[in-house]
Each structure stands twice: as C-alpha cells, then as structure tokens.
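The listed protein sequences correspond, in order, to chains C and X.
Numbering that gives the first Met the number 0 numbers the first residue of the first sequence as 0 and each following residue consecutively.
Numbering that gives the first Met the number 0 numbers the first residue of the second sequence as 0 and each following residue consecutively.
Simulated from the structure, these hints should not be mistaken for lab results.
Treat the numbers as computed from the prediction; the structure is a model and nothing was measured.
Ideal Cβ placement from N, Cα and C applies to all residues, glycine included.
Hints should not be assumed to be uniformly reliable.
[As the list claims (entries may be wrong)] From the structure, some residues in chain C lie toward chain X, with a derived Cβ separation under 10 Å: (1) D70; (2) L71; (3) E73; (4) L89; (5) A100.
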Amino acid sequence: MLEVRDLTVAIEDKTILDRINLTLPEGELHVLLGPNGSGKSSLLATIMGLPPFTVTSGDIRFDGQPIQDLDLHERAQLGIGVAYQRPPSLDGVSLRSFAEALGAQDRLEAAAAALDLADFLNRDMNVGFSGGEIKRWEVLKLVLQDPRLLLFDEPESGVDLEHVIAVGDAIARVVRAPDQQGRICSGLVITHTGLVLNHVKADQAHIMKEGRIIHSGDPHALFSHIQTAGYTVPAA
Amino acid sequence: MVAASHGTPTPDLTNEERDILHDVGFEDLDNRAATAILADGRVKLVHSNDPGVEVLPLAEALRTYDFVQDLMFGLVDPDENEQIAMVAEHMHEPLGHFVWVKPGARVSLPVQTFTLLETPQGRQFTHDITLIDEGATVEMISGAAVPSGVHKGRHISIGECYMRKGSSCSSVTIEHWGAGMDVWSYGYTAMEDGARSQSTAIKMAPVAQDLSRDKLIMAAETSSVSQAIIFAGDGTERVIDTETHLVGPGARSEDVARMVSAGGTIVNNAHLVGKAAGTNGFLGCDGLKLTDRGAITAVPALQAEAEGAMLSHEASVGMIDSDKLNYLMSAGMDEDAARNLIVQGFLSLEDSAIPSGLRRRVVDMIAQAKSGGM
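Isolated chain X, as found in the complex:
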C-alpha cells in the first residue's frame, strides 16, 4: 500500500490503471478531496487533500479507531447469507476502504474510491465502510474496473454506510467488470435523522452474473433520491434487489431504476416499506428491450405498516416505440444513431445527478454496448 502524502499530485498507478479507472470516474488526485484505490488483494493507494476527509485501508482503520470495530458488520450480520459469510470468513486481514467524512465537514471536491481486479480468474472479497459524520456534506464517486485482459473472476463486496444526523451525500457508482465475471455486491446504509442522500448507480458493462442487494434504513425527516441505470447485453444476467425502510416519521424516498436489455436478463425486485406516519415513498421501474432476446422483470412491492405511510410505484417494460424511431430517422439519423439517442434519453443521462465528465463516458459505453464492442 502506498500512502500518498498530502499534496502528492500523481498516484502510483500504471498508465493502463489510470485509463481503466478514468472510464469509471477517476480524476487526478488534485481534483479530488480524497482518493482510495484497491487492487486485487491490497489497498494500493489512499490519499486526502482535505482535512475533513480521512481515508484508510479498513485493516488500518480498525487498528487506529476503536469505533470502526462497531461499524464493521454493524448493519449486516456476518451470517446473512453464503456470500457474506464467505467474505467474513476469508477476511482474516480485512480488505477494503474506510472513508470518514468528519463532523460538520463541507467537502467541496468529490471523494473517489475504486476497486480493481487485475488478476485473471482472481477472487476478490472486499468490505468498505463509509462514515459521513454529523452535519457533513460530501460528494462521492466510486468505481469498479478490470483491465481489458481480465474476463473471468469473482468479486464479492460488502459496503456499510453510516450517515449521521443532518449529513448529506450525493454519490455516483460506475461498475465495469469483466464480461465473464460473477459479482455479488451487498450494500447497507443507515441514515440518521435529517440525513439526505442522492445516489446514482450505473451498471453498463457486460458481466456474466451480477447480483446486488441494497438495504436502506431511513430515520426521521431523512430524504433519499436514488436512480439506477442498468444495461444487460447478451450473456449478462443481473439481479438487483433493493429494500428501503422508511422507519422515522417524515422519511421520504424516491427510487427509480431504468433498465435496458440488449439480449441479457435483468430482474429488479424493489421493496419499499413504510413503517411510520408521514412517510412518503416512490418506486419507479422502467424497462426497455432492444431485441427479442433476453428479459426484463420488474417487481415493485409496497408495504405500508403505519397509518399515513404514502407509498406508490410505477413500472413499465417494453420495446422501443417505432414512432419515436421513425421520428428521429426522418430527421436524417440512421437506425443505430436514433436508437442510441432514445436509449440515452430513456436512461436520463442528462440528469444533473450524473457529473458531466462521466456522462460522455456513459454515452460511449452505451454506443459500445450496442455495437458489441465491450
């Protein structure tokens, strides 16, 4: 592990590493408040330019701060399921990032964290812990990537995020795993009173099997807006399970998934639970199929447990509307260009939640995915 000193402008990365990380949101250290990069079985770099942010390898954080022991497996049981148990069992020396945004910090530049799997047929088990302390505000960019030569392997990750009272976080996550990889991701977030979250997850690149399970617990007067942009070409199977629990009065959530299948399968199970009066939640699950192959399954579920919990959902799955295609082609676009524009629009890539620098890269990913270039 290289612990880059304060102000070091260039991380210890190869050109290839920089290139593949750049595709999932990496920027030079000077443009980020803090950076953490994990490669294969080691934390390769941690660096902070901002006194309001501390980043450490998880193992070091556990030794440095007693409270981190309470955070680890604080939101999920180590025996929750087979994969999580596997991570727990394998991590004699825990592998992952610890990001701590200090109380009251107003972090102006984004914090970036990345995971690389560089060994073909590698097996990677990681555990990341994020603590956004009371009243802190931060923007986070996370990515996962493999070099072009890595097609197969397995990645299992656990993420635990604690948002303390009145904290605020906007985040973007981009995954670019290998086409033959199996990936299991488990994310758990607890939001304390008044915390606010805005998150975007982008899953565009092919992967053999991708199972993600996210659980969000929201206390009083919290707010969460999340969107997932999900693409599955031939050979990709994704299962996305989300659970949002509106536990405290006044908690509000909006969870939208936009899914595109170009031959792959996507299953989106979204479960929204209103446990207190005055809560308000919305689930949106929209699917667009580009071919007759593959399938999209959208299963929104609402569960109101308290009087005054207002829950709603919208779901749709369909093919590209030929009227829209013809409309664009009548302006001179060929069919591929017209389809790309419709898909980009469907995925709402102009949404302000996506950093402009990343937007162009995602557009390129869509074009590559459509042409089978990824």
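Chain C extracted, bound-state conformation:
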C-alpha cells in the first residue's frame, strides 16, 4: 500500500530525512519508534504532503502511484489521513459541521458514541478539549474521512494512562476495520514512549534516529531492546 523509497527531505537547505526506505503492506499496522527530533513526525507530514517539507530525492508511492507531487487534499482524497499530535483549534467549526462538510454526517453519531464523544457533536473542533479528548477526536476525524492509510502522530502524548488504552484500542479497531467501500486499511503509528504498543497490536516496528530508519523488526522485541539499550541497532 505504501512504498517509501530512498526518500530525502529538506526544510529549505537543511536535510531532515535521509534516504528513508519503508514498506507498509496492505492490512498491516506499523509503529515508528524514535527519540524526540528523530524525524518521525516529519516523515508522516511528508507522506501526507504537509508543509514545509520538500522532497529532494526518492519517491513515495501509494497503491503504486507516485504521490509526492500531489497536493495535500489530493493525497487525502486518494485515501491517506493523518491524526495530528497537536491539531489547531477551529473556533465556530463544530464536529457536526466538519462531518457535514465531508459528507459524513450519516455515520457521525455512531462513530462519536464509539469513541465516547457523543456529547461533543456541537462543540467546536479542539476548542477546550483535554489531551485525551483531542486524541479521540483525531481518531474520530479519521473515521469520518475514511482513509485507507491511517497515520497517527504520537497518539499517546499528553494523555493519561486510561486514555492511552482507549486511544490505542480505538486505533487498532479503526485500522483493522475495512473502509466504507470494504477495502483493507493500513496504519502507521508514531510513538517515542511505546505506551500504545500493547494496544495497537502492531505487525512491525521501525526505529528512526537522526532522520534515518536504522532498524526494523518485531515491535515488542524492538521495544524491549530500546528500554535496555536505547534507540540503537540490536545486535544480530
């Protein structure tokens, strides 16, 4: 579903991501582990097409189609969606009006109830939300958008343990379910604490450091390694 090949990304003249290679097959959920500033969020933003990142070499393919020259909304319309780590607040734009703008009002109420956000439908997006509410809303936002490739940027940051479990379970549920057309989805989740690892049921993990993916492998084995040896390449 997602193929990132030799991707190098810069902000102005500064290289942020260096020759990234990543394959995310259909139906799989991967996690990106790495310290703060390692380039995890930059990679997600680059896949999504968010500024200010410029692809200087390599390519990104979604279902075999190069997407790095597509606009942000075109990538979203192809089936890529991202849950923000720190989304902006939109005064006056309710969850309901957002859903209506996406043509997703029919499934809003049930999806909101499943994420314990049934009372939020007339609230303005991210205005006065707690950390946990923001994370659950970001998951709900993706349910409304209905992408096939779901990107999650630090879904456990700023959230208490109870909400980590709820958000992690919700991510697993949403990624593992087919989209509205019955197609299989995939997910890529960023974490630097690993707290969501037990809940998202990842198929594979990747360690990012200093703008590069330095290792890929079994999620739990890698996380155990990180806890003892830090973000290093495990011995063979």
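Following the hints, position chain X against chain C.
Just chain X now, with coordinates in the frame of chain C:
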C-alpha cells in the same frame, strides 16, 4: 398599499419578490405573527395574525395614534446630519413601518419587516418606528433586498426603536442590496429599565458603499447582546459606527463584530460609554482577511465616566491561519471548501441567535460571495 385582512395566507407578492425576500428571512404570513413589506415608495403590505402586534404604514400610524408623533424623531434630531436631514425633508408623506408590540404581549411567532428597492437607480428614504411596550416579548426578523436586475440606487433609512420597561426583543437583520448601491442606515434604540435585547445583523451581499450608524441608550438593569456579521468583497466599502451608552446602573452590553474582507474595505468604529456605577460592557471586533486586497480597520473605544463602570474590549485582524487550512485539507477538503468552513466558523453561524432556516441561506451567501457569484 394592501392591508391584508386577518388570516389571509398569501401576500400580494410576485414570485420574484417572494424569492428575493425569502433570501433575507421572509416566510409565509401564517408562519409569522405579523408582516410589513415596503417596496420602492410605498408600503406594499401590512398584516398581523397576533392581537399583540399592530403593524401600520408610518403615515397611517401618525394619523391613527397621537403618540407616534412623539416617537418620530424622538431619538434622533432631524438635523443630525446631511442624510438624516434629507430623509426628514423628503418625507412630506412619511414612508416606513410602524410596529407596535402591545404591553405584556408574548408574541410566539416572529414579526417580519422588509424593504425592497425594485426600481433601478431608485432613491428610497424610509423611516421605521418600533415600539415594544412594557413587558412585551417579541422576535423580529428584518430584511432588505433588491431584484437581481437592480444594481444601482440609493437607500437612506432611519430606524427608531423604543423598548419599554421589562420588554424583551431578539432580532435578526439581513441586508442584500445591489452591488452598486449606496446605503446609509441610522438606527437608534432606547431601552428602558429592565429591557433585554439580543440582536444579530448580517451584511453579506456586495454593495458599493454602506454606512451604518447605530446608537443604543441603556437604562438601569438592561441587557444587550449584539453581533454583527459583515462581509466585504471587491468593490464593497462598509463603515459601521456603533455607540452604546450604559446610562443606568446595572446596564450590561456585549457587542461583537466579526468582519471578513475578500477584497473590500470595512471600518468598524465601536464606542462604549459607561455612565453609571455597576455597568458592564464588552466590545469584540475581529477581522479576517481572505486576500491581500482591501482592508479591515477595527477601532474599539471605551469611555468610563463613572466609578465602577467595567468596560473591556478585544480586537484582532488577520489572515486565515494556514495551519487550520492545512488541517482541513488533510481531511480531504479542497482549499475553497476548507476556507468556507473556516470563514463560517469565524462568523459563528452556528450561533443559536441565528434562526436555523436563515443559517443555510447565509452559508450559501458566503459560498457565493467567495466565488464572486453575488
């Protein structure tokens, strides 16, 4: 003038008139407590379904009720300025509505009043008087409109509103003038002790020049919440002056203007005066620019004249935040759709003060204004 009899379901309106009035809030007579429609130089229709509301052409009201003579130019001097003097001089036979909500009336359906300018290059001078009597409660919807073929003309209006003790009024006003028109509107309101007002003014459609000047005098323990939703595309120049005088102890006001420029200019001068102890007032002036063209000027002014007058303001003017735009576009909206949603949110169109039926129409107006379709 057609004085529709009690219970008449359909006004004497052409289909085009009904369509253009519908865009500014008109509903069938059965859905309204009372209706008054003025077209060009005549009052075309007055009608009431509710014994608590009387609507008359102003000229007839002056002949019918002596006290109306005292209400006319009771809140504004006929020589206040050149435009008002022009209205005063031209109105040998006064043209306008008189709406009287009777003492203690609890009017369940809205009262609607409209002004049409149907003659190209027409010159229209009107004077409306509203009396909401002691203890009465009413909802009012007012609109102004032109047929699609009328681009140029001039409209000058004076409105005087008297809110007697303990009365309550919520109102929505929507203006949809012609793109090349010059419009001057002067509104004066006096609120007696304990009166409560909630008002929304919507100025979305293009107009060449729109100058409005509103003055509100508030007696003891009165409450006023007002919001203005203002849009200016290329070629539109709006100047909105408001004065709120908190005269009586305990008077409270909140006055918020949300302005969007898509190439036009908007100047908002808001003046809040606290003249008594225990008064509380707030001015909010927020502007959103959609292009590099045009300008928004927000000038909130506070004037405290008594100890214990608590006055405050907030003002901001800026462009659409690119982070918000990207956030919505990352969910699949194209740029226009994302901008429209942000603008609608900025204008607080979900505010409960705007009747739900009107909200959809205003949303459509925003979309048309953005695409240059109006």
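(message) Given a cut of 10 Å on the nearest C-beta pair, is the interface hint for E73 of chain C held or broken against chain X?
(response) Holds, about 9 Å.
(message) Tell me if the interface restraint on A100 of chain C is satisfied: Cβ within less than 10 Å of some Cβ in chain X.
(response) Holds, because the Cβ-Cβ distance from A100 of chain C to chain X comes to roughly 5 Å (cut-off 10 Å).
(message) Hint D70 of chain C vs chain X: min CB-CB distance below 10 Å?
(response) 8 Å, holds
(message) Please check whether L89 of chain C passes as an interface residue: C-beta within 10 Å of a C-beta belonging to chain X.
(response) This hint holds: L89 of chain C lies near chain X, its Cβ roughly 6 Å from the closest one there, short of 10 Å.
(request) Closer than 10 Å between Cβ atoms is the bar; does L71 of chain C clear it against chain X? Give me holds or violated. (result) Because about 5 Å separates L71 of chain C from the closest Cβ in chain X, which is inside the 10 Å limit, the hint holds.
The structure is consistent with each of the numbered hints, conforming to all of them.
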